[in-house]
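Participant: Using the sequences and the accompanying hints, generate a full structural model.
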Amino acid sequence: MQNHKDILSDKSKNDKSKDKSVLVIGGGVGGIRAALDLAESRRNVILIDKSYSIGGLMTQLDRTFPTNNCDLCTVSPHLSETTRQLHLDLQPMTQLVELTGEAGNFIATLVTEPRYIDIEKCTACGECHKHFPDAVRFTPGLDPRAPTCMRYPQATPYSFSIDMEKITDIKALQKVCRADAINAYDTPKKTRVELASVVLSVGAQLFDPAVLDNFGGGQFDNVMTGLEYERIMSASGPFQGDLVRVSDKKRPKKVAWIQCVGSRGINKADVPYCSGVCCMYALKEAIVTKERFAENIETTIFYMDMRTYGKDYELYFNRAKNDYDIRMVRSRPHSIIEDSKTKNLSITYALEEEALQKTEEFDMVVLSTGFRIPETTLDLANRLGLELNSHHFARTDHFNPVKTSKPGIYACGVIESPKDIPETIVQASAAASMAAVHLPVVIDSSGAPEIFIPERDISGEKSRIGVFVCDCGFEIGGLIKVDKLIEFAKNRKDVVVSQAVGYGCSRDSMEIIEGLIKTHNLNRVVIGGCSPRTHETKFQDLLRRAGLNKYLVEIVNLRDQDTWAHIGQPKESQDKAFKLLHAGISGVRKSRPLIDQTLPMNQNALVLGGGVTGMTAALQLANQDIKVYLVERGPVLGGLAMSIQKTIEGDDVGPFMDKLVEIVLAHKNIQVLTKSIIVDHSGIPGRFKTGIQTGIRMNYMQLSHGVTILATGALPNRPDSYGLGTHVNITTQLELDAMIEDAPEKIKTMNHVVMIQCVGSREPGNPNCSRICCQTSIKNALRIKAINPDAQIFILYRDIRTYGFYEDYYMEARKKDVKFIRFSLDNKPIVRVENDQVSVFVDDIILGRKIQIQTDYLALSTGMIADDETTEDLSMMFHLPRTADHYFLEDHVKLRPVDMSVRGFFIAGTNHSPRTIRESITQALAAAGRAQTLLAKKEIELGAAIAKVDGSKCAACLICVRSCPFSIPFINEDGYSQIDPAKCHGCGVCAADCPAKAIQLLAYEDDQILAKLDGLFGELN
Amino acid sequence: MKIFEPEIVAFCCHYCAYTAADMAGSKRISYPANVKIIRVPCTGKVDAIHIMKAFEKGADGVYVAGCLQGDCHFKNGNTRAKYRVEQVQIILGDLGWEKQRVAMINMSAGMGERFARTALEFTQTIKQLGPSPIKITHTDINQQAIRF
Amino acid sequence: MITAEQKPLNEILDYISPYDRIILVGCNECVTVCAAGGRKEVGLLASALHLNFLKHGRTVEIKEITLERQCDPEYAEELVSEIDRTDAILSMACGCGVQTIAARYNEKPVFPAVNTKFMGASVSQGIWEEKCQGCGDCLLGITGGICPVARCSKHLLNGPCGGTSKGMCEIAPDVDCAWCLIWERLKALGMEKRYEEIMEAKDFRAAGGGGPRRIIRKDLSL
Amino acid sequence: MKTESKLEKVLASGALAVTSEVGPPRGAIPERVRQKANLIKDHVDAINVTDNQTAMVRMSSWAAGVIIKQMGLDPILQMVTRDRNRLAMQSDIIGAYSLGINTMMCLSGDHAKFGDHPMAKGVFDLDSIQLVQTVQKMRDKGKFQGGADIDTPPKMFIGAAANPFADPFELRVMRLAKKVKAGADFIQTQCIFNLDKFEKYMEMVCDRGLDKKVHLLAGITPMKSAGMARYMKNKVPGMDVPDEIIKRMAGVSKEKQPEEGIKIAIESIERLKQVKGVHGFHIMAIEWEEKVPQIVEKAGLFPRPAL
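Protein chains in written order, with the working numbering: chain A, 1 to 1021; chain B, 1022 to 1169; chain C, 1170 to 1391; chain D, 1392 to 1698.
What the hints contain is simulated information worked out from the structure, not anything from laboratory work. The reader is advised that the hints may include incorrect statements.
[Claimed, not checked] Keeping only pairs whose Cα atoms sit at most 20 Å apart, straight-line, the calculated PhoX-like set for lysine-lysine is:
{"id": "1", "chain 1": "A", "residue 1": "490", "chain 2": "A", "residue 2": "462"}
{"id": "2", "chain 1": "C", "residue 1": "1286", "chain 2": "D", "residue 2": "1512"}
{"id": "3", "chain 1": "B", "residue 1": "1120", "chain 2": "A", "residue 2": "290"}
{"id": "4", "chain 1": "A", "residue 1": "321", "chain 2": "B", "residue 2": "1120"}
{"id": "5", "chain 1": "A", "residue 1": "462", "chain 2": "A", "residue 2": "406"}
{"id": "6", "chain 1": "D", "residue 1": "1604", "chain 2": "D", "residue 2": "1393"}
{"id": "7", "chain 1": "C", "residue 1": "1335", "chain 2": "C", "residue 2": "1176"}
{"id": "8", "chain 1": "C", "residue 1": "1335", "chain 2": "D", "residue 2": "1604"}
{"id": "9", "chain 1": "C", "residue 1": "1224", "chain 2": "B", "residue 2": "1120"}
Facilitator: Structure representation (C-alpha cells):
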C-alpha cells in the first residue's frame, strides 16, 4: 500500500555519544521493565513494539494474582516512566527487519509504520474519532469500539492512530484536528541503528480454542477464553466491568473453568508443555468473581493438577478453596454442549475414581488457554538468527536462562518459556543486566538535565486548591459515589477546581489535571485515589510538570484504606471518604514547597551468601567495575548447589560450580569474605555501613556499600516423616541424587524405588509448595531408568507440578512406565519397616484400593524450608519484612520481585522462595541489574522530610541532641540546635520531643498534622 | 436509638502500620470504617499533643500503630511512642476519662490481618466505652462542624 | 538551672475553673529545658484543660503564649495586649516567673501550673538531680566540687554519718552519699588533709536566714 | 575532772565503764521510764536516754533524763541536731544541766524519712561535730555558739558516736579524730559484731593516739534470733554482721537462739576487754533491757564500782 521512501538516518553519525544502544523488542511488561532498567542505569535503549501503544498482554487483564490488584493501576506507573526516561527512545509501530554484525557491534534496521498522526502534537482530544469513527484501528475481541480508541485508558504513547485506507477526505480530517497533528503524507520510516545488544521480549499469543470442536469451535456465546473473561470483568471492557453473559447480558449463576485447554495434550491442536500460569489465573478469576460480583455465583474449576508452585501461591489456592468456596473438580472434560434456547452449557466429564460419566449445566464456561508462539515470532527469530526449542520458544543457556544461542541477544519473558508476571519481570531485569555487559562500563555521570519547567514561586499566594478524585474503574467508584465527593469538595474553602478523573493515573487524566493546574493557576492539589505509597511519586511528577513544587500535593487513600477495606459497606465507606478527603483538603492548605536533599552514592556492593546466587550476582556486578564484598557464613563458597549432581536438563552441576568459584575467587573486584557474620548495620540507602566479624579470629571489619544483595539461600528440609533417618534405604532426594552419581552399581540392584512427594510441604506448618520437588523426583526417576531400565519406580504425589517444559520430562517418565500414584493430604501413604524391609502402603484412588509396595529404596521429596535463623537475624538487622514462612518478603510480589521495601536491598535465590539453580541464577542477574540502576544514580535522593530548627525558639536544651536515634543534631556556634539536612533520617523524634516546639519535621509539620485532624472532624482551620 | 459509631484516629507509621493497612485493603480484609488513618514517617513523630488534639476535636478513641518492637526503621521511635501514649493515658486518667481510649499497637508491614483485627478490637473497645465524654455533654461541637 | 514539675491536674483545675478566658504562659528558659513549662508542655496542658472543660460542656478560651523568660519584667510585657481579654493567668514558669507576672498584672489572678523543685543539673535525658541549695556561701572549693549542703540528706558538713553503705545514702539505695563522693574526690586530688579540718557551723544568713536575698550591682543598676 | 559526771569518774578510775540505754515512751507515761531504768540501774554506770530515736516522736530526752535523775541514777542526755536549731539545743542543754544532767551525747540523728514524721523538715542547723564543738565551747569557754558569754555555763561530759563499720572504712578513724578534736570526751560505738574488723579499727585509733585522748565504749547488742541477725545485716544501714554470726545463730533451735545471742554478746565483751583503747561497753539491748544484768554479770563486769 505504501511506497517505501527510505529515510536512512544513521543515528551514530548525528549522535556524538559513542554509546551504542540496546534494542528491546516487545513493549509488554517484560520489555518495559528491561528498557527501564537499562535507562535507569543510564544506558541508551530503544524500545520497539509493533503495536501503536505499549503494554502488552498485562494491560488487558482485569486483575492479577496474587494481590488481585487492578492491573492498570499497578502497571501504569511503569508505562508513564517510559516517557520520563531520558535514555529511552520509545518507538511504537516499529519492527526489526534486519540485524547484522555481532555482539557489541550490531547494526539493526528498523521500520516504523506510518501512524498518520504526529505524536508530539496529538492531544488525544478525540475529535478525529468523533468525525471519522472508522478511521482508527482497534483491538479485535470482545471490545466493541470504545469511546476512545485507546486500547486501554492509560495508553502510551498517548495518541491516536489513523487507518489511512479508510479515509477518503483527508482534508476534512485535518480540519477537525485542532492540534494540527494529522500527517497525511506519513510514510514508513526505515532507520538503521548501531546496537551493542538486543533484548527479546516479544511474549507469545494465547491459544485460540476456536479450533476445538468439542468445546463449541468458538461458536458458543457463553464459552470464552480466560482473557475474554478478564475483558468482561474489566472496567474498560465491553460491559464496563459488569459480569454478564454475552448471550443475554444477564448475570451468570454458575461459571466453570476448564484448565489446560490446548496444553498438556496429545491431540492435534494441543501442545505438550504446561503454560504455567493458567491455574493461578483461573483461581484468580474465580475469586474475583465471588469477591466483586456475587458470593452466590457458583464457581467450579475442572483441572488435572493444581499447579500453584509460586511463592505463597499455595496459600492463594487454599484461600480459594476454603474462604471462597470455589469447587475444584479433578477431571479433564471432553465436551461442552450448548442449549440452543437458554444458551446454557453442559459439560460432560468423568472422575478418576468413578467409572460413570457426568453431565453438569453451567451459565458460562471459561477455557483456560495457554501460551503459543506465533508465526511472526518464528520469522523474527529467523531474522535474528536464533535457535528455538522444540516448542518454538527461544533456546537459552541451561545455566543462564536469558542467554540465547546468539551472543549479544538475550530473551526474557514468555518467549523464553511460559511464565507469569513476576517471573517475567525477574527475567527482564536479568536480560537487561546481561545486555548492559556489551556496553562500556563508564557511565554517563553528568547530572540528569532538568526535564521539568521551573517551579512557580507561590509565596504570598492564597491557597488555590484543585481536588481530583479518581474512580479507579470500579475500585473506588464501584462502592462510593465519586460525584458526591466532588460536589462536597467544590464547596470547601479555597477549592477552585473539583473534578472526577476516570483513571486518575492514566495519561489523559494526568494531562487534564496538569492543564487545570495551569489554567486555574492552582497552587495546591488533592488527589483522591489509591495509596500514596505507590502513587505519590507519579503525582508529584505531575505537579513538577505543571510548574509546582512536588510537595504541594496530598494523596487521599480512598482505595486501599477505604473502598477496598470496607467492601459491602457503601454508606460507611462513603462517609469515610468525605472525611478523608476533607482531611486531605485541610492538610494541603498547610503544605509548603520543599527542597529535596541529596548525598553522593557509595559505589560498592555487599552480597550476602556465597552460593550460586550470590556468586552470580557478585560476578555480574564486578564485571561492571563495581567493587563487591561477597560475604559467606561458611568456610567455602558454593552453597547448596554443591550437593546437587545434575540438572533435569542433564547438565553436570559440579564443573559449572567449580568454574564459577574459580572465577569469583580470582576476580579483582570481588573481595570474598568467608566465615563471616554480620554484626551491625547503619546508614541509609546508597550509603550503608555494615560491620562483619570475619575469619577464624572473628576480626571486625566495617564495609561501606551503596547496595546490598541478599542471597543467603534456604535449607534442605528434613522433617521426621515417613521414617526418614530410621533406615538406610529411606533418604531424601538429595542423597538419592548423590547415589545415582556415585554408586550406579547400587541402583542396578534395585527392583523397586518409591518416591513420596510433598514431604513436609503443602501441609500445616509449612503450607507452601517447595516447587523443585516434582521435577527433582522425575529427574532422578529418569536417571534411575537410564541405569536400570527394569527398575519399577513409583512416584506418590498430590499434584504433579512440572510447569513449563518440565512437563516434557513428566511425559517421558510416564512413557518409561514410571508409576504415578496420587494421594491426598488426609490419606497420606504409610511407611513401615519390618525385618529390614521398607514397605509403603498407599490408597490408589484409581484402583480404589490400598496397595503395598515392598521397596528397595524410598526417596522423600522434602524440598526446602526457609533458613529462619538467618532471615530473622538479617531482617532484624536490616529492618526487612519476611513472609509467614520466614522467607524474605519482596517489595511488590509482581512488579518489584527482587527489590526489598528498604531501598538499596535486593533479594535473589532461595531466600526469596524455593527455586531451581537456573531460576536462582536469573534472580541473581536481575538483582545485580536492579542494584546497578540504583548505583548509576551517583546521588542519593533523601527527600525533603527533614527536621528543621527554628533558632529563635530553641532553648538549646539538648533534648534533640540526646533523643536523635542517629546523633545528628548539635548545638552550633550561635547557641542553638542545628540539624544537617543531608544526615537527618527524617523520623521526627526530635520534633516530637522538643520542649520548645522549635523543631518541625518538614512535610509532617505540626500544623499539617493538626490540619488533617481538623479536616477529619469537619473543621477547616 | 441510633447506634453509636465512634470516630477513631489511627496515627500509622509509613513503614509498617500504614503499609499493613494498605495490605489489609489489597487483601480485602474488612475492618470498621470508623478507623481513619493519619500517616506519619515514624510513630516517634507522634507528639502527645497530636493525640490530645484528636480528642479535643472529637475523637472517641486514638491509637498509634507502629512497627513491631525492635523493628523500628529509626531504631526506637515506636518505643518512644509507647511512652507518649502512656503519658496521655495518665492525663486522661487525671481527667477522669477511660485510659483505654488511647492505645499503642505494633505490627509489621506484612500484617494486614493484624491491622484489621486490631482496628476491629479497638473499635469494639471504644464502642463499649461509649462516646467521648466531650460529646455527651457538648453536642454543639458536631453542630458546628460540616455535615458530611 | 531551676527545675520544676507540672502540678496535679486537679489542683490546676481548681484554680482556673471559675474563669472563661485564660492565658497559659510558658517560659523558654529553665522550665523548657527541664520539659515542665515550654511551648510543648503549654500545648499539652492547654489540650488537657480543653478536654476537661469540654467534658463539662464549657468552652474556655485558652491563649497559649510562651515568653522568652518570665522572670524578666520586659518579657512579661508581651502579655499586655492580651491581658484585657483574659480572666486569669496560669503560669508554667518557676516561682520567680509566676511572681514576676503576678507583680506586673496585679489586677488579674495568677496561678502556678508547676511546682518549682530545685536547682539541679541534668544527669541524662529526662533525669534531673538537685545540686545546689543557693546557700550563699559556696563550699565547693573545699569539698572537691561536690556540695554537702545540697547533696547530703542531713546537710552534714563534717563527713558521712553512720548510715552510709557502699557509697550510698541511707535514705535510698539510689542516692549517692555525698560525703563518700567528696572523700573519693579529695583522695583523687591528694587533698585528704582538708577533710580533717572541722568545718565550723554555717552562717545561714547568706542562705536566706537574713530574709529574702538580693544582689545589687551598682554599675548596672544605675 | 571537767565535770561532775559519774561516767567521767568511772572512766578516770581506769575501770571499764558500762552504759546502757532507755528509750523514752511514746506517751506521757513517766512510770515506763522508771520501770526500764529499774531493770538496769544496778548494772550500769550511766543510762543513755535516746532523743526521738529512729525519728519517732517520744517523750523528750531531757524530760526522761530528769525522771531518771530523780531516781538517783545517772542519765546521759542524747541530743540530735535533726530536730532543733542551735538556739533550741543550747537552751535545752542549759535547762537539762540545771536539772542535774551532766553527761550528754551529740548526734546528728536518723533521717526523718525513717520515722513517723517523714514529712518533717530536717533542721540540721549544726551537724554532730559542730554540736560537740558548741557544747565544749559552752563548757570550757563559757560562750554560746554565737559568741556571747554565758552566765554560769553548763558543764557537760561530752560524748559522741562512732560507727567503725560504715563506709568508707578508711574515713572512720579520721572522723573519730575530728570528733575528738571538736571536744568529745567519750565515744560510744555502733553495735559490734565483726570483731576482727573492729580490732583493726582500734589499731588505727591507737596508732593515731586517739585512745589517749578519748574514752571509747564498745557497742554491744545481744541478738534475739537468727532472723534479727539477718535483718540487721541486710536492712540496717552501716551495720556489719558477719555470716558466721548468722550461721551460729541459725545453727541452734529457735528457742535456744536468744540464749545463743546473749552468749555471743558475752563472748564479744570478753574478747573486746583485751583490745587496747576499749574503755568500756555500751550495751544496747533493744526492747530487751531485762537481759542487761545477766550480760553484765556473766561478762565479769559486775559489780559496778561504787564511787
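Participant: Run every hint past the structure and note whether it holds.
Facilitator: Status of the hints after comparison with the structure:
Taking the CA atoms of residue 490 of chain A and residue 462 of chain A, the gap is about 17 Å. The hint holds against a cut of 20 Å. A threshold of 20 Å between alpha carbons decides the hint, and for residue 1286 of chain C with residue 1512 of chain D the separation of about 15 Å falls inside it, so the pair holds. A hinted pair counts as satisfied when its Cα atoms are at most 20 Å apart, and residue 1120 of chain B with residue 290 of chain A does not qualify at roughly 42 Å. Between residue 321 of chain A and residue 1120 of chain B the CA atoms are separated by roughly 43 Å; this puts the pair beyond 20 Å, and the hint is violated.
For the suggested pair residue 462 of chain A and residue 406 of chain A, the alpha carbons sit about 63 Å apart, so the restraint of at most 20 Å is broken. A hinted pair counts as satisfied when its Cα atoms are at most 20 Å apart, and residue 1604 of chain D with residue 1393 of chain D qualifies at roughly 14 Å. Note on residue 1335 of chain C and residue 1176 of chain C: the hinted pairing is violated, with a Cα-Cα distance of about 35 Å set against a maximum of 20 Å. Between residue 1335 of chain C and residue 1604 of chain D the CA atoms are separated by roughly 30 Å; this puts the pair beyond 20 Å, and the hint is violated.
Simply put, residue 1224 of chain C and residue 1120 of chain B have alpha-carbon atoms about 15 Å apart, close enough for the 20 Å limit, and the pair holds.
This entry does not satisfy hints 3, 4, 5, 7 and 8, going by the numbered hints stated previously.
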